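So you can see what is in the structure, the chains are spelled out below.
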Amino acid sequence: MKNLKLLLYLMVLVTLLVVPVIGVTLASAVEHNPESIVRWCEDWPTYIDPAVGTDFSDTMAIVQLYDTLIFPNLDGSVRPHLAEKWDISDDVLTYTFHLRKGVKFHNGDELTAEDVVFSTERLFDIGEGFAYILRTKDAQGRIIAGIESIKAIDDYTVEFKLARPFGPFIPALVRLYILNKSQVMENINKSEKMYGEMGDYGKKWLLTNDAGSGPYKVKEMKMEESLLGEKFDDYWGGWEEGAPDFFREFAFPGEVAIRTLMNNRELEITSETLPMEAYAALREIPGVDTIAYLAPHNLQIMLNTRIPLTNDIHVRKALSWVMGYDVVVNDIWPYYVQSVGPVPQTLPGHSKDTFQYSYNLEKAKEEMAKSAYAGQKNIPFTLSWCAEVPDEEKVALLFQVNAAEIGIDVEIFKKPFGLMIDDAQTVKTTPNGSVVYVAAHYNEAGSMLETRYHSKSQGTWEQCEWLGLPDIDAAIEDALATVDQDERFKKYAEIQHTLVDLAPTIWLADQAQEFGYQASYLVWPLAERIKAGEPSAPPMGYSFYVRDMKVFPEKKAELLKK
Amino acid sequence: MRLGPFILRRLAISIFVLFGLSVLIFLIARVVPGDPARMALGPRAPVDVVERLRQQMYLDKPLLQQYGLWLRDVVAHGNLGDSLLTRRPVKQDIREFFPATLELVGLTAIFIIIAGISLGVISARYANTWVDKVVRLFSYLGIVTPAFAWAVILMLLFCFVWHLFPSYGRLTEGVTPPVTITGMYTIDSLLNGRLDLFWDAVVHLILPAIALALPPMSQAARLTRSSMADNQNKDYIASMIAYGVPNRVVTGKYLLKPSLISPITVMALDIAATFGYAFMVEKVFGFPGLARYGIQVMLNKDVNAIVGVVMVLGVVFITLNIVVDIIVAYLDPRIRLLGRSI
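The listed protein sequences correspond, in order, to chains A and B. If you read the first sequence in our numbering, its first letter stands for residue 1, the second for the next number, and so on. If you read the second sequence in our numbering, its first letter stands for residue 563, the second for the next number, and so on.
Honestly, I wouldn't trust all of these hints.
Computed footprint of chain A on chain B; a stretch qualifies when at least three of its residues, placed anywhere within it, have a C-beta under 8 angstroms from a C-beta of chain A [unchecked claim]:
1. 609 to 616
2. 715 to 727
3. 848 to 856
Example chain A residues on the side facing chain B (calculated, C-beta under 10 angstroms, incomplete) [as the list claims (entries may be wrong)]:
4. 76
5. 129
6. 131
7. 355
BS3-like, lysine-lysine: derived pairs with alpha carbons at most 30 angstroms apart [unchecked claim]:
8. 695(B) x 428(A)
9. 352(A) x 414(A)
10. 815(B) x 456(A)
In case anyone wonders, no lab produced these hints; they're calculated from the structure. Keep in mind the model is a prediction, meaning the values are calculated, not measured. Beta carbons are placed, not taken as given, at the ideal position from N, Cα and C, and that holds for glycine.
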C-alpha cells in the first residue's frame, strides 16, 4: 500500500514537472508570425470602412488599404496620386481629374472614374466618416459648400462641381478614399433598408474586408482585437526593397504590455498616449528610440463668451495673462510648445507673427480691474476637463491656482468626453472653461478656423466659446473661397490676429506626439525627417504609411539573440 | 426534495429575476446622460444622419415602447440589437467575446478552488505553526492586492524579465485559431486534434488566470482555514479521533466536507464576479474578452450592448448560484434530507 502511494506521488510529481515542459515546447512549435512586419497599437475598435472611420486608429488602417486622388507629403504639401493631373475652371467651381490608367483593385478589377463617383456618392449618402469635410448642408438639407455633384466624363476622367469656391479643396481630397464599386455592390445587404435600394451600402461587409487598391489588403480583421494587412504585390506604385510584407494594428494593451512587447521585439511602434516616464523607459531598451513631433493639434481652454464671467473680454484677457504656460510645456508635457494663436504651428497657413500671451500677473490684474466684474466675488466659474485624458487634470488644477491669483474661484469638473459633448449643446450648460484637444480636419489653417470659430460649429464640443460673430464668419468664408494659396493664407493670418484680440480661448500648447519605435531594424520616414530637423505635418494616419517604411528582419534576429 | 423539481423551481424563479434585471438595466442604460447615436457617429456627423441612427435604434420612441420593441426582438428573433461600438449584432459580439472570458474564468476557477482549498487545509492542519503564518501572510497579500496589480507584476517578472510567458492575446501572433466549435481556443483545439494549439492557448491563459485568481484564492484559503478551525472542536471530530481514525482521514473526510460550505459559496460568487471585474486584467494582457468589451460599451453608452452584456452576466450568476446550492446540498446531507434550502 505504501509503495503504491509513493508511486502515485511520484507520478503526480513527474506529471506536474514534465507536462508544462512538453506544453511549452509544443506551444513554441506552432507557426510564428511573419518577420517582415510592422506592428503598432491604438485605440480599438477600428473602422476600416473609409465612409465610416475618422479616428487616428481608423485612418492608420485606411491609408494602407485605399488610394486617394492626391497624396499628402510628410511636409504637408500634396502630390498627384490616382489622379495624374487636374484642371480647374475659371470660376473655380469645376475640377476635372484625369485618372492614372491600369490601377488595379485588390480583386483585380481596374479602377475607373465610375469607382470615384461611387465612392463619393457613397460617402455622402452614408454621411459619416469624413463626409463633413467635403460637403456641408444647411438645416434644410441644401448643399451650401463642398462637392455639389460628381460625374464620370469617361473611364478615366471625373468632374467635381462645387457649390461655391473652396480654396483647400485639393488638400481636402486626402480624405476621399476610392472603393471598388462592383465589389461593394456584390456585398450589399439588401435586407437592411437604411439606405433604401442600396441596403446597408456594404457597411457590414466592409467592417472586416476591404474594396481598395491601396498597397496593402486585409488578410484578417478580428473586430475584437486586430487587423492584419498583407502586401498587394500588384500595387500600381510598385515596391522598394525592404518594404514590409505585412502590417498589424491591434488594440492598445496598456503601458506595461507595450514595454514588454517592445523589449521582446513583438511591437515596432508604440502608441502616442503613454506617460512621459514610459518613453524614458523605452529608450533604455537596446535598439529602441523615441521621436516627438508637433502634430496639427492643440490643447486649449475654450471660454464661454456668453455667460458671466467669461462674457467679459477683460476677464478673458486677464485669464490669458495669468495662465502658467511654462508649467504646461516644461513640466506637464515637456515636448509640447506653447501655442501661437489658434492655429497649430505646423499647419500650413499658421501666422508666425500672431501675438502670444505669457504669464504676467500685473497685466492680468490690470485687465481684471477694467472688467465689469471688478471687485465682485462669488461669481461661479466652472471648468470641465476630459476624463479620458488624465493629464488634463493637471492643467485644470494649474488654471485653478492661476485664476485664484486674480480673485477667480474655479470649480473643476471631471467629465467623460460624451458628457462634454452633451454640455456643449446649449449656452447655459456649456461651462465657463473647457479643456479640450482639437485637431485640424485637413491640413490647412482654414480647417481649424472654420471648425473652431465659425458659428455653424456652435453647439458642438469643437466650439464651446459660442462666439457667433458675423464678421468672423464672413472672414472665414471669404478665406476658404480664395483659391490662390498666398492670398488665402494672408486672410487666415488676419483672422488669427483678430481672434487673439478677442481672446475667446486660452491657447495653451501645440501637442507633440511621441512614439517609441525599433530604430535598430525599422526605417520610419517620419522619424528620419524629425531627426533631420525637417518640418513634418502629415495628416492623421499618414505618419504610419507602411509602404514607405523598411524593416530588416535579420537585424531583429540579432537583437533577439542578445 | 429531489434535484429535478428543485432545478425547475429555481429556473422558473430565474426567469422573473432576468426579466427584472432586463427592465432595470434597459432603463439605466437609456436614462444616463449622453446621446448614444451622437457618441457613436461622432460630433461632426450631420443632424439628419444622427436622427436616422436614432430612429433605427428606436431611440426616438417613448421608453416603454423602446423596451417593448427590444423584448419583442429578443423573444421572437433572439436579436439583441446592434452594437454601436463594433457596428455589428450584439449577439455576434457576445458569441466571440464570451468564450474568451469563459475559458479565462474557467482556468481561474480551477486555480481558486484547488489552490484556495489546499492552502486552507494546509493552514488548518498546521495551525499556529510557521506554515500557518506563511500561508496567512500570503493570503493577506493576495487579498489586499488588486488583480490588475498582480497582472502587472506577473507580466513584468515572467514576460519582461524572464521571457517565460507571452504577454498578449489568446494565441501567438500569426497562429491561425482552431476551427470554431465552442469559441474557446483550448477546447476547440482539442476537438480539432491540435495539441500544439491547445498548449499555445493554455500558455496565454496562465498569467491572466493567476492574476485573477490570487485575491479570491487567498480569501478562500482564509475561509477554509477558519471554517476548519471552527469545526475542529466539534464533538464528532473528537469522537473520530477517540475511535482511532487516522488524522488524514479525519481531516479529509469528516472535517473538510462540512467546512467547505461557506468557502464554496463565497468562491462561486467570486468566480461569477470575475466575469465582470476581469476587464483590467484583460486590458493588461490584451485579452479580447467580455469584461473588456463590457467596459468599452459602458463608456461609449452603447445601449444595446450594455443590456446584452449585463443579461449574460445575470445568467452566469444565476447558473452559478444554482450549481452552488446543489453542491452545498451534497456537502451537507441535512440540507438535502430536511429540504431546508431546496
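Evaluation of the provided hints:
1. 609 to 616: holds (count 4)
2. 715 to 727: Result for this restraint: holds, n = 5.
3. 848 to 856: Holds, because 3 residues of the segment 848 to 856 of chain B bring their Cβ atoms closer than 8 angstroms to Cβ atoms of chain A.
4. 76: violated, 22 angstroms
5. 129: holds, 9 angstroms
6. 131: Because about 8 angstroms separates residue 131(A) from the closest Cβ in chain B, which is inside the 10 angstroms limit, the hint holds.
7. 355: Violated - the Cβ of residue 355(A) stays beyond 10 angstroms from chain B, reaching only about 29 angstroms at its closest.
8. 695(B) x 428(A): Given pair residue 695(B), residue 428(A) is violated - Cα atoms ~61 angstroms apart, limit 30 angstroms.
9. 352(A) x 414(A): violated, 34 angstroms
10. 815(B) x 456(A): violated, 77 angstroms
Consistency with the previously given hints fails for numbers 4, 7, 8, 9, 10, ordered from lowest to highest.
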